[in-house]
Amino acid sequence: MAAFFDSLLLVIVTVLKVLLIMIPLLLSVAYLTYAERKVIGAMQVRNGPNRVGWKGLLQPIADVLKLLTKEIIVPTNSHRFLFLIAPILSLAPAFAAWAVIPFNDTAVLADVNAGLLYVLALTSLGVYGVIVAGWASNSKYAFLGAMRSAAQIVAYEIAMGFALVGVLMVSGSLNLGDIVRAQEGSIFHWFWLPLLPLFLVYFISGVAETNRAPFDVAEGESEIVAGFHVDYSGMAFALFFLAEYANMIMIAALTSVLFLGGWLSPVSFLPDSMIWFFLKVALMLFFFLWFRATFPRYRYDQIMRLGWKIFIPVTIVWIVVEAVAILLEIEPWFALRAA
Amino acid sequence: MEFKLFLFWVVSLILVGAAVGVITTRNPVQAALFLVLAFFNSAIIWMLMEAEFLSITLVLVYVGAVMVLFLFVVMMLDINLSPLREGFTRYLPLGGLVAALIVGEIVLLISNKWFSAENFPVPAARPADYSNTEELGVAMYTDYLLQFEIAAVILLVAIIAAIALTMRRRPDTKYQRPAEQVQVRKEDRLRIVSMDSGNQESQ
Chain E
1 MAAFFDSLLL VIVTVLKVLL IMIPLLLSVA YLTYAERKVI GAMQVRNGPN RVGWKGLLQP
61 IADVLKLLTK EIIVPTNSHR FLFLIAPILS LAPAFAAWAV IPFNDTAVLA DVNAGLLYVL
121 ALTSLGVYGV IVAGWASNSK YAFLGAMRSA AQIVAYEIAM GFALVGVLMV SGSLNLGDIV
181 RAQEGSIFHW FWLPLLPLFL VYFISGVAET NRAPFDVAEG ESEIVAGFHV DYSGMAFALF
241 FLAEYANMIM IAALTSVLFL GGWLSPVSFL PDSMIWFFLK VALMLFFFLW FRATFPRYRY
301 DQIMRLGWKI FIPVTIVWIV VEAVAILLEI EPWFALRAA
Chain S
340 MEFKLFLFWV VSLILVGAAV GVITTRNPVQ AALFLVLAFF NSAIIWMLME AEFLSITLVL
400 VYVGAVMVLF LFVVMMLDIN LSPLREGFTR YLPLGGLVAA LIVGEIVLLI SNKWFSAENF
460 PVPAARPADY SNTEELGVAM YTDYLLQFEI AAVILLVAII AAIALTMRRR PDTKYQRPAE
520 QVQVRKEDRL RIVSMDSGNQ ESQ
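Sequence order for the protein chains is E and S.
To convert, note that position 12 of the first sequence is 12 in this note's numbering; the numbers rise steadily by one, no gaps.
One gets this note's numbering by counting positions in the second sequence from 1 and adding 339 to each.
Please keep in mind that the hints were generated in silico from the structure rather than gathered at the bench.
Mixed in with the good hints there might be a few duds.
Okay, derived cross-link-like pairs now, DSS-like style, lysine-lysine, Cα gap no bigger than 30 Å in a straight line [to be verified]:
#1 E:Lys-17 to S:Lys-513
#2 E:Lys-55 to E:Lys-38
#3 E:Lys-309 to S:Lys-343
#4 E:Lys-140 to S:Lys-513
Pairwise CB distance ranges (calculated) [said to hold, decoys possible]:
#5 E:Pro-313 to S:Ile-489: 21 to 31 Å
#6 E:Lys-140 to S:Ala-358: 25 to 35 Å
#7 E:Asp-6 to S:Leu-448: 33 to 43 Å
#8 S:Ile-489 to E:Ile-275: 25 to 35 Å
#9 E:Lys-70 to S:Phe-342: 48 to 58 Å
#10 E:Met-43 to S:Arg-508: 23 to 33 Å
#11 E:Pro-313 to S:Val-400: 43 to 53 Å
Given the structure is predicted, the values throughout are model-derived calculations rather than measurements.
Every residue gets a Cβ at the ideal spot worked out from N, C-alpha and C, and that includes glycine.
Construct all of the structure, not just a fragment, from the sequences and the given hints.
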């Protein structure tokens, strides 16, 4: 009986921890949409939302309420079950991946050894939501969006995986906490500097994976209306929206953990803390918004060219450079490996 | 332990159900999605067997990459189902024979006294800090390095062969050459012609 209560307690504590991650995450998603509109507004010299609440701060709440009260329309010739399950398919991996993200030295939900692989596996599942949505809607535009998204994600996932191989080579671990610990030191010891090409490839591939501008051809409103979610309305549409922003935060968090030293402080005289992690995530998110306000959408063949002909060769060359540097015991790479 | 067994039964039932779904459903896209479900559930069973690395790799490679490509192709196929069903009676004897062989072999394997469960004791559970990623890496890159490299070379040959077989040169297709594009100068594209504006008389 005692064993039963012990396991029950474990379940309750774990659920509480999950809520402790989920609720701030949902709030961040809501306020990321606000930040996006404000930041892009400022970049285009206009105000952005400023009517609901002080400086428009309640705008996300109003948006959520609006979407909640709208009707979910299921098109007549759609595949009903797949149509309704698709938003969940895209949302679930975006949340589940947070289980292994370390917020600081001790605050991590599941400190698993193969953490990085787990994240990679889950982020590769998100594409099913888009494909299933596009197919189940039984609409040409949605279908085109799904096709584009599938091809694009397959292309960029390879570059992303290779970039992670480079991280593994210098850190010698798949555990995200250990990867951060291998970056101990100041800002110049973080992996972004010795792995600069991989850092850039990873982050840009991350932007492409999340279907964000300038890689947002899956929705491309000027060509295929809204792409894969053209037939969705109300809360079903909101779930896609939520998944996209949760994925953005996820990529930003992963970039901070893998290349920007996670919770480590940039200078040695300030203490390491969770705040650094959040600051780094916020910085990377700002880049997402900045990209959207700056770059026009890529043409589809250009996206494919960038993924297959530029990113993959760059990552392979850098992996070879790293391997040689580690083998010949050349400084930054070998020192990182030894640590 | 009991919960683990319960989980195993639930997951295996879903797995078998999904596998049956793959071959019974009429719609090829649904069949592919059932296959995804089957892969995912077998990954969970591997996880229950403490093969964490292989389990995650199964999801990463098969669910995350192979099946996405598969779906990509299947969705664009326009399959007419009636000619596919025509050959059913013709292939039934051969198919039945293969199925009977497989079932017979499995029955032989699990009922035979040399292969029965009593002859294979339950392996001792590894301690929590045991890393089977590391074990796999060590085995693959030291003891079985040659085999690993041979497999890699075979895969490379397959990739090159697939590209060589499907690549067709089509000289009439138009495509961009970015290297040439960035070298374009104003003189190549723009010709300035001086001519009367024609508006001067009306002023």
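We went through each hint and held it up to the structure:
For the hint linking Lys-17 of chain E to Lys-513 of chain S, the alpha-carbon distance of about 56 Å lies beyond 30 Å, and the restraint is violated. Only pairs whose Cα atoms come within 30 Å are accepted, and Lys-55 of chain E paired with Lys-38 of chain E is accepted, the gap being roughly 10 Å. Of the supplied pair hints, the one linking Lys-309 of chain E and Lys-343 of chain S is violated, its CA atoms being roughly 46 Å apart against a limit of 30 Å. About 26 Å separates the Cα atoms of Lys-140 of chain E and Lys-513 of chain S, which keeps this hinted pair within 30 Å; it holds.
Look at Pro-313 of chain E against Ile-489 of chain S: about 25 Å separates their beta carbons, and that is inside 21 to 31 Å. Between Lys-140 of chain E and Ala-358 of chain S, the C-beta spacing of about 32 Å keeps the proposed range 25 to 35 Å intact. Distance hint check: the CB atoms of Asp-6 of chain E and Leu-448 of chain S are about 40 Å apart, consistent with the given range 33 to 43 Å. In this structure the hint that Ile-489 of chain S and Ile-275 of chain E lie 25 to 35 Å apart at CB is violated, the actual value being about 51 Å.
Remark: the range hint 48 to 58 Å for Lys-70 of chain E to Phe-342 of chain S is contradicted by a beta-carbon distance near 41 Å. Hint check: Met-43 of chain E to Arg-508 of chain S, Cβ distance near 45 Å, so the stated range 23 to 33 Å is violated. With their beta carbons about 22 Å apart, Pro-313 of chain E and Val-400 of chain S fall outside the hinted range of 43 to 53 Å.
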